[in-house]
Amino acid sequence: MDPFLLEALLNGILLGGVFALPVLGCNLVFGVVDVVWLCYAELVMVGMYGVWFLHTQQGWPLYLAFAAALPLVSALGVLLHLLVVRPLLGAPPINQLLATGGVLFLLQGGAMLVFGTDFRSLGVELPPMEWQDVFISGTKLAAFCAALVGAGALWAFLKFTYVGIAIRAIARDREVMPLMGVDPRRVYVVASAVGGALAGLAACLLVVQLDVHPFIGLSFGPITFMICVMGGLGNMLGGFLAAFLMGVIVSTGSFWWNTEMSYVIAFGFFIVVIFARPRGLFAR
Amino acid sequence: MSVSRRGLVAGSAALPFAPLPFSAMAQPASGPPIRIGVMFDLSGPFAAAGSQACAAGAEIAFELFNERGGAGGRPVQAVAADSQSRAEVAINEAERLISQERVDVVMGVFSSAHAMPLAQRFEAQKKLLWITTAISTAVIKGRNFTHVFRPTVHSDQYGEASVQFLTEHSERAFRIAPNNLRVAIIHEDGPYGTGVAASSEILAKAAGMRVVLHEGYSATAPDLSTLVTKLRRERPDVILHTGYNPDITLFLRQAKAGGLRTRMIIGQGAGYSQIDRLTETFGAEVNGFCNVDPAGTQMLEPDKLTPAVRELRQVMMQRYEAKTRARDLPTHASTGFNSAWTFLEHVLKPAVREGDGSIQAMIRATQSVDLPVGGTIQGHGLKFYPPGHEMAGQNERSSTVVMQYEAARAKVVWPTAIASGPPVLPFPASSPFALRS
Numbered sequence: 002m003d004p005f006l007l008e009a010l011l012n013g014i015l016l017g018g019v020f021a022l023p024v025l026g027c028n029l030v031f032g033v034v035d036v037v038w039l040c041y042a043e044l045v046m047v048g049m050y051g052v053w054f055l056h057t058q059q060g061w062p063l064y065l066a067f068a069a070a071l072p073l074v075s076a077l078g079v080l081l082h083l084l085v086v087r088p089l090l091g092a093p094p095i096n097q098l099l100a101t102g103g104v105l106f107l108l109q110g111g112a113m114l115v116f117g118t119d120f121r122s123l124g125v126e127l128p129p130m131e132w133q134d135v136f137i138s139g140t141k142l143a144a145f146c147a148a149l150v151g152a153g154a155l156w157a158f159l160k161f162t163y164v165g166i167a168i169r170a171i172a173r174d175r176e177v178m179p180l181m182g183v184d185p186r187r188v189y190v191v192a193s194a195v196g197g198a199l200a201g202l203a204a205c206l207l208v209v210q211l212d213v214h215p216f217i218g219l220s221f222g223p224i225t226f227m228i229c230v231m232g233g234l235g236n237m238l239g240g241f242l243a244a245f246l247m248g249v250i251v252s253t254g255s256f257w258w259n260t261e262m263s264y265v266i267a268f269g270f271f272i273v274v275i276f277a278r279p280r281g282l283f284a285r
Numbered sequence: 053m054s055v056s057r058r059g060l061v062a063g064s065a066a067l068p069f070a071p072l073p074f075s076a077m078a079q080p081a082s083g084p085p086i087r088i089g090v091m092f093d094l095s096g097p098f099a100a101a102g103s104q105a106c107a108a109g110a111e112i113a114f115e116l117f118n119e120r121g122g123a124g125g126r127p128v129q130a131v132a133a134d135s136q137s138r139a140e141v142a143i144n145e146a147e148r149l150i151s152q153e154r155v156d157v158v159m160g161v162f163s164s165a166h167a168m169p170l171a172q173r174f175e176a177q178k179k180l181l182w183i184t185t186a187i188s189t190a191v192i193k194g195r196n197f198t199h200v201f202r203p204t205v206h207s208d209q210y211g212e213a214s215v216q217f218l219t220e221h222s223e224r225a226f227r228i229a230p231n232n233l234r235v236a237i238i239h240e241d242g243p244y245g246t247g248v249a250a251s252s253e254i255l256a257k258a259a260g261m262r263v264v265l266h267e268g269y270s271a272t273a274p275d276l277s278t279l280v281t282k283l284r285r286e287r288p289d290v291i292l293h294t295g296y297n298p299d300i301t302l303f304l305r306q307a308k309a310g311g312l313r314t315r316m317i318i319g320q321g322a323g324y325s326q327i328d329r330l331t332e333t334f335g336a337e338v339n340g341f342c343n344v345d346p347a348g349t350q351m352l353e354p355d356k357l358t359p360a361v362r363e364l365r366q367v368m369m370q371r372y373e374a375k376t377r378a379r380d381l382p383t384h385a386s387t388g389f390n391s392a393w394t395f396l397e398h399v400l401k402p403a404v405r406e407g408d409g410s411i412q413a414m415i416r417a418t419q420s421v422d423l424p425v426g427g428t429i430q431g432h433g434l435k436f437y438p439p440g441h442e443m444a445g446q447n448e449r450s451s452t453v454v455m456q457y458e459a460a461r462a463k464v465v466w467p468t469a470i471a472s473g474p475p476v477l478p479f480p481a482s483s484p485f486a487l488r489s
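Just so you know, the sequences run in chain order Z and W.
This note's numbering puts the last residue of the first sequence at 285; the count rises by one with no breaks.
This note's numbering puts the last residue of the second sequence at 489; the count rises by one with no breaks.
Rather than coming from a laboratory, the hints here were simulated on the basis of the structure.
Please read these numbers as outputs of a predicted model, since none were measured by experiment.
Don't be surprised by glycine CBs; every beta carbon is placed ideally from N, CA and C.
Treat the hints with care, since some could be wrong.
Just a few of them, taken from the derived set where beta-carbon distance is under 10 Å, the chain W residues facing chain Z [as the list claims (entries may be wrong)]:
| no. | residue |
| --- | --- |
| 1 | S95 |
| 2 | S103 |
| 3 | A273 |
| 4 | K308 |
| 5 | G335 |
| 6 | Y437 |
| 7 | H441 |
Simulated restraints, written as ranges between beta carbons of each label pair [claimed, not checked]:
| no. | chain 1 | residue 1 | chain 2 | residue 2 | range |
| --- | --- | --- | --- | --- | --- |
| 8 | W | S482 | Z | R187 | 56 to 66 Å |
| 9 | Z | I14 | W | A469 | 46 to 56 Å |
| 10 | W | A378 | Z | P223 | 32 to 42 Å |
| 11 | W | Q216 | Z | P223 | 51 to 61 Å |
| 12 | W | A378 | Z | G110 | 49 to 59 Å |
| 13 | Z | L83 | W | I254 | 53 to 63 Å |
| 14 | Z | Q59 | W | P484 | 22 to 32 Å |
| 15 | W | I254 | Z | I266 | 54 to 64 Å |
| 16 | Z | L63 | W | R379 | 41 to 51 Å |
| 17 | Z | F158 | W | Q172 | 55 to 65 Å |
| 18 | Z | W258 | W | P484 | 27 to 37 Å |
| 19 | Z | G117 | W | V425 | 53 to 63 Å |
Chain W residues, not near chain Z, derived (Cβ > 10 Å throughout) [to be verified]:
| no. | residue |
| --- | --- |
| 20 | E140 |
| 21 | I150 |
| 22 | L255 |
The following block holds chain Z by itself, in its conformation from the complex (with noise of 0.2 Å):
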């Protein structure tokens, strides 16, 4: 096999790995709360500003920055939805919509606000591994394998937890479940800090691959959104599928054409999976 066609192959299931946890973190709120957070991009800026500032402003190990991350973005992920996300529950879409696209620009021009719009770098870099002409980014690779043990970790809170039950139940079924004694709003609460926390960790794995500045939701929101859908909005593992195959097929499509046709080509798949399942190319 040509080694540069292995090498582009392989860059787009990494790329997938870095899509797949925004995904998830959306697709498990939508899932749950019925709300897209529009804002989860910047949710995600905001985690990667917190790793820069830690590490690089305050001294903290690369570790405990990470560490710290998580809860930080979860808690923000609550407030988000205490804030601004219950108080529209009942009211239509389109007003949800506008809310959490509200938030996007207050965390944008919040972040402009306090660092400036310079872009920060954490100076991180794990060396490439280098196989018979085949490079692989070192750094890309151990994001990638925390992503899956991240989407491993949410699939085990979901499937062996009580909390986790009772998420996937009310993702189910969201009018009978409160009839069997589930509390619907601790359950929406709990899945905002989850899908908060997913942004956090996803934050943790993209400060060491790109400069985070107030506009980097830009870089991977609309795309992260595109996922979601295409693998059916609440869908957890289609979306997780659905991020793998788009960057394999944006990698690929830039091999065999150019970088700005794979993106066309990426787009004029959704389109086409749209109109053939609607639901999404992994509904069930």
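Take the given structure of chain Z and dock chain W to it, following the hints.
Same frame as chain Z, but now just chain W:
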């Protein structure tokens, strides 16, 4: 000429910044201000890619101009607008400046993607647009504008400088004849990157070079690793790269991780001119990179400038450093200052002195501007192509240089006549991008 108490106070206030000549202690401007719209990207991705540095440079020009008497004794007042790195915001803000703030002139505009629609609108409304930074040739070429002016360079000049630089040095430095040189051209896909890349390809091919890859990408792309893979496959001797900032750092980071090695990477302005930012991310690894842009004023030998401009340069540098604490002045700071200063001093002032300060008087003044090479702080002169010319409104005396980074500072390495030393080619062995022996 008597010096008033007010002038002395103003002069002494400026003393920490620079020893001022007598002319600088002229009575500060007073009277009703002349309002001028000033629009840059103060937020969004372009802000840190050079737009803020431009805005800071322009701000110093306004301060200095007012301290030195303004236009006919009247101060100029900047009416600021933030185009937020978005074309639709730039258009709306320009509309606000014209219709609500009632300004006749807007200066600024960092991005060519903004300049393209703005130029058409200003021409249609017969208001004056003074483009300080956006460099796409297509903004001006063949559009026969009478109300749009650009005192700085245009994108074709980036290709010219890159190719001439390689033609002069390839044989000596790489032991490769220029017509055997393998060149890859990569660029962000807006009018800026597309324009620079197009001229680079045409001129490289005309010089007999082999363009082995020409590829654009979105400046907000989250991943460029496959582009790196393709570059490795094509084994270019030189990579010409036009981009802003998040994309440049993403590319270089992934290029390093992806094992990309080449003889030289030549940046073509914007993000590559933000040496402080690049150093923050890559440390000493940015040393050895070449970059094409108008010269930052600190890179020029003072004796290449006229005496008045020499003094202006000194004040500008000191004020910028005091204002921003920059280690090395970004090129954009000089461009922002220079473009603003040339308008205020050489267009607005004569238009007020010899006319009524109207738009027509300013347009007449632009046709009279005739600054020789060395007549601006960036070393180039200023004379506009006349109406009817395919480049009407473009400064025909603008020029670019090739600079190279050494100890995180830029030095001019081309044109040879003004170079402070020969370029170090190829990348030194210590660079992560250098070819393995």
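Sort out which numbered hints this structure fails and list those numbers smallest first. 6, 7, 11, 12, 15, 16, 19
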